[in-house]
Amino acid sequence: GNWGRLAAQQALTQDQLLEFDTFGNVSLIHITDIHAQLKPIYFREPEVNLGVGPNKGAVPHLTGADFRKLYGIEDGSPSQYALTYDDFSALARAYGRMGGLDRVATVINAIRAARPDALLLDGGDTWHGSYTCHHTQGQDMVNVMNALRPDAMTFHWEFTLGSDRVREIVEGLPFAALGQNIFDAEWDEPAELFEPYRFFERGGVRIAVIGQAFPYMPIANPGWMFPEYSFGIRDQHMQEMVEEVRAQGAELVVLLSHNGFDVDKKMAAQVKGIDVILSGHTHDALPEPVLVGETIIVASGSNGKFVSRVDLDVRDGRMMGFRHRLIPVFSDVIAPDPEIAALIDEQRAPYADKLAEVIGQTDSLLYRRGNFNGSWDDLICDALMSERDAEIAMSPGVRWGPSLLPGQDITREDIFNVTSMSYGAAYRTEMTGEYLKIVLEDVGDNIFNPDPYYQQGGDMVRVGGLGYRIDITKPQGERISDMTLLRSGEAIDPARSYTVAGWASVNEGTEGPQIWDVVENHIRKQKTVSIPPNQSVTVVGA
Amino acid sequence: GAAALAVAAVPLRARAATVDDLIAEFTGGADVAEGGVELDAPEIAENGNTVPIEVGAEGASAIMVLAAGNPTPPVATFNFGPLSGASRAKTRIRLAGTQDVIAVAKLADGSFARTSKNVKVTIGGCGG
Amino acid sequence: MAKNVRPRVKVPKKAAAGEVITIKTLISHTMESGQRKDSDGNAIPRSIINRFVVDFNGENVLDVTLEPAISTNPYFEFEAVVPEAGEFKFTWHDDDGAVYEDVHAIELG
Ligand SMILES: [Mn+2]
Ligand SMILES: [Mn+2]
Chain W
1 GNWGRLAAQQ
11 ALTQDQLLEF
21 DTFGNVSLIH
31 ITDIHAQLKP
41 IYFREPEVNL
51 GVGPNKGAVP
61 HLTGADFRKL
71 YGIEDGSPSQ
81 YALTYDDFSA
91 LARAYGRMGG
101 LDRVATVINA
111 IRAARPDALL
121 LDGGDTWHGS
131 YTCHHTQGQD
141 MVNVMNALRP
151 DAMTFHWEFT
161 LGSDRVREIV
171 EGLPFAALGQ
181 NIFDAEWDEP
191 AELFEPYRFF
201 ERGGVRIAVI
211 GQAFPYMPIA
221 NPGWMFPEYS
231 FGIRDQHMQE
241 MVEEVRAQGA
251 ELVVLLSHNG
261 FDVDKKMAAQ
271 VKGIDVILSG
281 HTHDALPEPV
291 LVGETIIVAS
301 GSNGKFVSRV
311 DLDVRDGRMM
321 GFRHRLIPVF
331 SDVIAPDPEI
341 AALIDEQRAP
351 YADKLAEVIG
361 QTDSLLYRRG
371 NFNGSWDDLI
381 CDALMSERDA
391 EIAMSPGVRW
401 GPSLLPGQDI
411 TREDIFNVTS
421 MSYGAAYRTE
431 MTGEYLKIVL
441 EDVGDNIFNP
451 DPYYQQGGDM
461 VRVGGLGYRI
471 DITKPQGERI
481 SDMTLLRSGE
491 AIDPARSYTV
501 AGWASVNEGT
511 EGPQIWDVVE
521 NHIRKQKTVS
531 IPPNQSVTVV
541 GA
Chain C
1001 GAAALAVAAV
1011 PLRARAATVD
1021 DLIAEFTGGA
1031 DVAEGGVELD
1041 APEIAENGNT
1051 VPIEVGAEGA
1061 SAIMVLAAGN
1071 PTPPVATFNF
1081 GPLSGASRAK
1091 TRIRLAGTQD
1101 VIAVAKLADG
1111 SFARTSKNVK
1121 VTIGGCGG
Chain H
2001 MAKNVRPRVK
2011 VPKKAAAGEV
2021 ITIKTLISHT
2031 MESGQRKDSD
2041 GNAIPRSIIN
2051 RFVVDFNGEN
2061 VLDVTLEPAI
2071 STNPYFEFEA
2081 VVPEAGEFKF
2091 TWHDDDGAVY
2101 EDVHAIELG
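Protein sequences, first through last, are from chains W, C and H. The working numbering puts the first residue of the first sequence at 1, with every later residue one more than the last. The working numbering puts the first residue of the second sequence at 1001, with every later residue one more than the last. The working numbering puts the first residue of the third sequence at 2001, with every later residue one more than the last.
Hints in this document: simulated from the structure, not taken from any laboratory. Quick caveat: nothing in here was measured; it's all calculated off a predicted structure. Cβ coordinates follow ideal geometry from the N, Cα and C atoms, glycine included.
Example chain H residues on the side facing chain C (calculated, C-beta under 8 Å, incomplete):
no.	residue
1	2059
2	2064
3	2065
4	2066
5	2071
6	2081
Far from chain C, by Cβ distances over 12 Å, these chain H residues were calculated:
no.	residue
7	2008
8	2097
9	2101
10	2107
Make a model of the complete structure from these sequences and hints.
Written out as structure tokens, the structure reads:
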């Protein structure tokens, strides 16, 4: 009901969005977790993003009105749309899609116009997440990112292409592939393919960029796809690397990290001497850096929605000050760079018909991001239960996956944007009630353990056909209660076997149809999908 | 989200008696002090079938490692000879579930020390 | 006899007299724990490397007793003193009675 207000606030300009008073002598440009989104998308930020232990109520665990209050964001403003969840559908219609790597290119070019030797750093989760990325094994993203000329990147989902493909790409990368925590699993030595850090001389400053890949790769993703490598947090080795680069004359130490925000906060406190952490993995977008000791932590969102610019004044081997801006990439406001736009079209052209095919429509806002089931997840779980004839469905709590607005067509591209992966087989199996509880407790501890170093993956596993209550303040084994089979309304019996359908198993040899085909078949039958608000999960202790 | 078909990472019942017996056998019934031996292991195992550990105790002649939650707790005993450079070693072990790994060292003066570290073995399965 | 058992060892080629060096060893071996069952439900018998010994010029560096909880392809990393030029001898003892050996010479320098 606030269309008039929205129209009035739509007077955004490209100059406004890119405005920046160049500061100091060094500029960093950070983009992360693009998940292969070459084109502009809608992406609703989380409504539920709970912090535990020392991070309860701390950013990035504030959402909606609390988030806007903290940063002085006006209701109905472009920033509300870009950074928070409420009123999303209406605001999305007013302000349009976000991102698109051709628009991102325009932002990068503008920063380079002001500071030609700015460092461009990609935090990873780049070669994963779309139809074209899946069918080219990441080549579309490699081609487009190379044209943006990054200086370094680090990694997570890239490894799910399999280590042979990763090696093939990395060997040809015209920039640094970093990961101080990527080790040879056999001999427990730093993996030769990945440098721990690289030096850059910019603005007369000797800058060391250290990389940190996602620490829990073989737990969160199928380790059998990259058995040569071991990861881990390795904060002792990180400290050694910081000392090593300082000894070699680094005046500024930048950590290009895929740890996730809370892990980065803890690492900033554990490891001394890091000036800037460019944080990725948890997809948080923060308008201001968070300060831990003398380290600033920058969170730059996901899916190409944002680009962070950090200008630094480095003198006498010290960071004396910084100026930062999280630049929202409003795709209707920022002009696409024609060269990159053409390159993107070239990647998509062979698949144009497949991408554009309309499978159905949605009456509801479809989104995923949040600690518990999003509406996309509910749709996927419905598809699993009906297409695979199961009582219960499980769907991984990944943080990627753009949103669709009520009334939109659902295309094949949209389905791949929320399901695409190299281990997408939709299995069907039996699980006892006891084992179902173990799964929920296990994943619950991976997100709600109060020690961030134990938070190893994504959000809570999504469930269909099953209701439960979770007390996030309790230890593992005591968080989950009141498990109910929704079909009958009966309590889950620990001794009984239930038919469970799911996808994204980390186990080798998992069999079943690909999840995108399961979802496509389901949507075709529904024609128009309608997803009521999820009421099957009760959260306590938030 | 897990949704994995992994072998159940059910925390196995600790076999306290067996662990105590093994320690008594190693020490000959002597007292065991808490601390004075180092045990390094990841907070979370990347793979329960191959968990890297490091044990060390200055001047120790031997260090025994036990996994309290495995069906059989013995893991290894390191005996350090005269040409050992440090009473310290790394290996990789199997853990049947989340549990305490225990290291007991026979120190240079003949006394015994122990420490333990909890290692989480998770079903895993989600990524951001 | 266990199949395809292959030891691999990383030892520096040179050391100063009295220097402490790091040695890494691997041996490819399934380390069958004795607790697994085959597809017919029959217990698969235990078959592991049960002892690993490192000597230098006949004097002992390390002597390890291995149990079934040691992972497939047993890995050890440890430190040794090099008092003089000579030869490291590595010995792995298999449950089936087989003994696998590897030797590495080291020079002073
Ligand atoms: Mn990501
Ligand atoms: Mn990630």
